[in-house]
Each structure stands twice: as C-alpha cells, then as structure tokens.
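As given, the protein sequences belong to chains V and D, one line each in that order. Going by our numbering, 133 is the number at position 104 of the first sequence; the sequence numbering is gapless. Going by our numbering, 486 is the number at position 219 of the second sequence; the sequence numbering is gapless.
Hints may contain errors.
[Unchecked claim] Computed footprint of chain V on chain D; a stretch qualifies when at least three of its residues, placed anywhere within it, have a C-beta under 8 angstroms from a C-beta of chain V: (1) 302–308; (2) 311–318; (3) 416–423; (4) 449–458.
Calculated directly from the structure, the hints in this document are not laboratory data. This structure is a prediction, so every number in the text was calculated from the model and none was measured. Here a beta-carbon is modelled for each residue, glycine too, at the ideal position from N, C-alpha and C.
Take a look at the letters that make up each chain.
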Amino acid sequence: MKKRDDVLVGLVMLVAIIVAITGSLWLARGGLSKGYALYAKFPWSSGLKQGQPVLLAGVNVGYVDEVKLRQDGTVLTTFRVGKEYQVPQGTVATVVANGIFGDMAIALTPVRPNPRSIPENDTVPVGPSAPGLAQITGKADSIATSVNAITTAFQKDLVAAGGIDEMRRAIASTNRLVNQFSVIAAEQNRQLTATFASFRKATSGIDSAKIDSTLVNVREASANMASISEELKATSLKLDAIVAKVDSGNGTASKLLNDAGVYDDVRKLLAQLDTVLVDFKNNPRRYINLKVF
Amino acid sequence: MTGAIAGLLSKIGERGYFMRDIGRGLRDPRTYGGETIRQMRNIGVDSLPLAAIVAAFIGAVTAFQTRYQLFGGVQLSVVGLISRQSIILELGPLLTGLVLTGRVGARITAEIGTMRVTEQIDALETLAYDPVAYLVVPRLLAALIMVPILTIMANAIGVGTAYFTAVVATDVTSAAFSEGLRLAFAPFQIVYSIIKATIFGGAIAFFCSYEGYTTTAGAEGVGRSTAQAVVITSVAILVLDALTALLLAPYLQA
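Construct the entire structure; sequences and hints are all you get.
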C-alpha cells in the first residue's frame, strides 16, 4: 500500500513537472526544437523581450532568445529560427509592433528573392527602424518652422503690401460676373422652358384617336377604290367583248353600224320626211281632217 | 471594543504558536516522513479527478464566454490570450484552492478534530510523540507540494478545454487561438500560478489543521470546527489571492 502511494505520487508529480515545462516551452517558443541562432544589433529595441516571435516576410519562423544591452549602447539580440526555414541573404531585421497589445517582434524582410541564405550564427543587418515618438516630434517641429516662415511671407506680401485688398476686389468683380452669368442663365432657362411648353402643347394637340379613325377611313376608301377598279375592269372587259363583237360584223348592231346601205336608206327616209313635213306645213288639211260635227 | 481587538490579537497569537509548533515539528523528519507520502496521495493524487473536472469546465466556459464578449472587429486570437491569462493567473490556482478546501481541508479538520475529541492526540503526547509533527506537518507538506502540482494539471487541462471549446464550438480557428495563447507569454506567469497555488496549499493545511487541532466539545464540536475551517480557509484564500496579486502582478508585465 505504502509502496503504491510512492509510485502514484511520484507519477503525478513527474507528469505535472513535464506538463509545466513543456507547456511553458511550447507557449514561449512554439516547441522543443531550438532552431539555429542568428544575431542582430539594434540601436533601439523598443522593449523587445525573450520569447517574442521572429517573422520572416510575415511568417512566424522563430523566437527571440536573448536581448542584451552592450557596452557600446547597441542591443545585441539573439534569435532562433526553425531549422526548416532559411533566411535569404540581403534580408534586413527590424523591430516592429506585433498586435494591439504592445507586443514587439523581429521582422525579417527579404529585400528581393535570393536563393542563397544567411548561415547559422551570422548577424542579420538591421533595416531602418520605424520612427519613434521623438523622431516624429522632431519632424513636426521642422514642419512647424516651415509653416511659420510661410505664414510670415504671406503676412508680408498679402497684408502689408495690400495683396488682400486686391484679392478682395478681384473676388468682388468675380462675384459680379457670376451674378451676370446667373441672370443670363435664368433668362435662357425661362425661354427654354417656354419653348418646351409650346412644343409640349403642340404634341398634345395631335389627337391620336382621330389619326386612328382617319387611317381607318383611308383604308376603307382605298378598299372601295380597289373594288370599284375591279368592277371597272370587268365592265371594260365586257365593253371590249361588245366592241369586238360589233367589229366582227355579226349581229344587228354591227350590221347597223357597218352597213352603208342603211345609211343611204336613212338619208332617203329623212329627205322624204322633209318633203312630207314641207307638204304638211303647206297643206295641213291633206293630212289632218278635223271635222267637228 | 478593546475586548474585540484583544480577542482578535489572541486568535492571531494562538495561530502563531501553532506555526511555531509546526516549525519545531519539521525538525523531526522520522515522525512525519512516511506519513507525508500517504497524505500526498490523499490530498494530491486522489483530488486529481475533481481538480481536472473543475478545470475542464472552467476552461471551456472561459473560452466560450470570452468569444461572445468580444465586439466586432476584435482579433479572435484575443480569445486564446484571455483564456490563458484568466486560467493560468487566476482561475486555475484559485478554483483548485477553493475546491480542495472543501475536499481536503474539511477532511483534515474532521480527522484531526475527531482525534482531538477522542483524546488520541493526548495519547500521542503520552507516548512522547509530537502530535503536530505526526498529524499537521505531513498534511502541510503534502498540501504545499501537491496543490501546485494539481494547479499545473488544472492549468493544462483548463487551457486544453478552452482550446477545444473555442475551436469546436465557436468560430475561433486553431491557428488564431494558438497565436493568442502564445502572445505576450512569459514563463513567470507559470511561476506566478505556482506561487499562488503553494500559498493556497499552505493556507488550506494550516487553517484546517489548526481548527481540527483546537476542536473541543465532542462530535458537535467537530462539525462546528469543520464548517468554520472551510469558511476561514475560503476567505483566507481569497485574501491571499488579492495580496499575491498586489505584490506580484507588477512583475507579470515582463
């Protein structure tokens, strides 16, 4: 019983210690493998700490192993890169902010693709660091000086030499011009509006219903014309036939028309009628024998 | 008023004497040596399932609630970071301490209290055994060693279930959680957790042993002592937690 207690207690303690150590290692550097060491000498480490990530082109490839302030004022940083990663030559190292919690990281930025890589235990050259607050303040200071000089020049040229008055006058005349333009534009606008209104009236005057009925009538009329022309054609055909018949000399009418004898007979008849009429005028009694009683 | 202050001071003084007795008992390893292993089994190994279950649920709930507290636009890796910090720095040690107060502390008080009221402690004294060295020191040592061990396990299990819950039940990806888990990690955070757990272990063994050792008035007294021990230890753990944070939290900002 007592023996078993020893074993159990020892086992639990051992497991706990292993969990604590491997857990810490995993959290701190992402695993047990140490990778290979590289160095960088930063003028400003921005609070870089052991265990913070090393990013190669933005990919986490290792961790910061040691940050040491040297006698000459530079910060010698040892960092370890996983054996599966190669850092191409021409890469520069910078200390950058990582995330929103004020964490820092070493950023390894390859300047251009390079098949040759930086060997183990070599020093990676340091790139231009992100500007610190002091540098920004310095920049802002020089900008403020320039702005001041510009303001002074403005003051001299515009206020002292009466430039502002000229500008004011120019603005006033421009204003007038703009006013005139706007008057002209208003007039144009008014006339355009009137034109459009009359045009609209004209277009609305044409009653489409009337056009419709007119078209219907026209169509009917043309249909009637067509039927009339058909009838005319039939009539003319009949007439043609009659004329042909007359021409051919058959029948009464043709004989009447074509026989010269008939004409002579009619002339003779008319001459006789003439004589009869003359005779009648002269001697009516011969013909009209009226006896009343 | 002065009576109350005098009463408080005398209570502190009595515990001071008890502490001195424990110090004296430590000089006698032959008395507590074997018993310590047995207590480590009792306090540590047998409490492992309880501590594991508590840690598992705490981890899962922490990750899940953290995910749904975030407003839009926050990186989801924050879930990993907050889960790790909450579990390792606070919930792991504190809840392990409080749960062990119930499971282990009450047992210590009841055991020693029963021995006191049944005059077994007097018998030990009669046999020239140091009862503190035999009864209290093994429990104190076992608690000092095993509560940190349990806390390490609880931390690991808590972070594990937090990871599992975040990846399975929420939209946090495995990569995002791991990234947050590693963000701003310093090994001192584990040490901080272990320091807290050691303090809590000591508090559990000390206060519960004292209550048991000073039990009077029979079975009813044992019950009263046990209840009192659990209350005092729980409050003491919370107060010590706050004090540890006040003293050590600045060093967390590595």
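For each hint, the structure was consulted:
1. With a cut-off of 8 angstroms between beta carbons, the segment 302–308 of chain D has 4 residues touching chain V; three or more are needed, and the interface restraint holds.
2. By the rule of at least three residues with a Cβ nearer than 8 angstroms to a Cβ of chain V, the coverage given for the segment 311–318 of chain D holds, with 3 such residues.
3. With 6 residues having a beta carbon nearer than 8 angstroms to a beta carbon of chain V, the segment 416–423 of chain D meets the requirement of three or more and the stated coverage holds.
4. Under a criterion of three residues with beta carbons nearer than 8 angstroms to beta carbons of chain V, the stated coverage of the segment 449–458 of chain D is upheld, 7 such residues being counted.
Taken one by one, the earlier hints all hold for this structure without exception.
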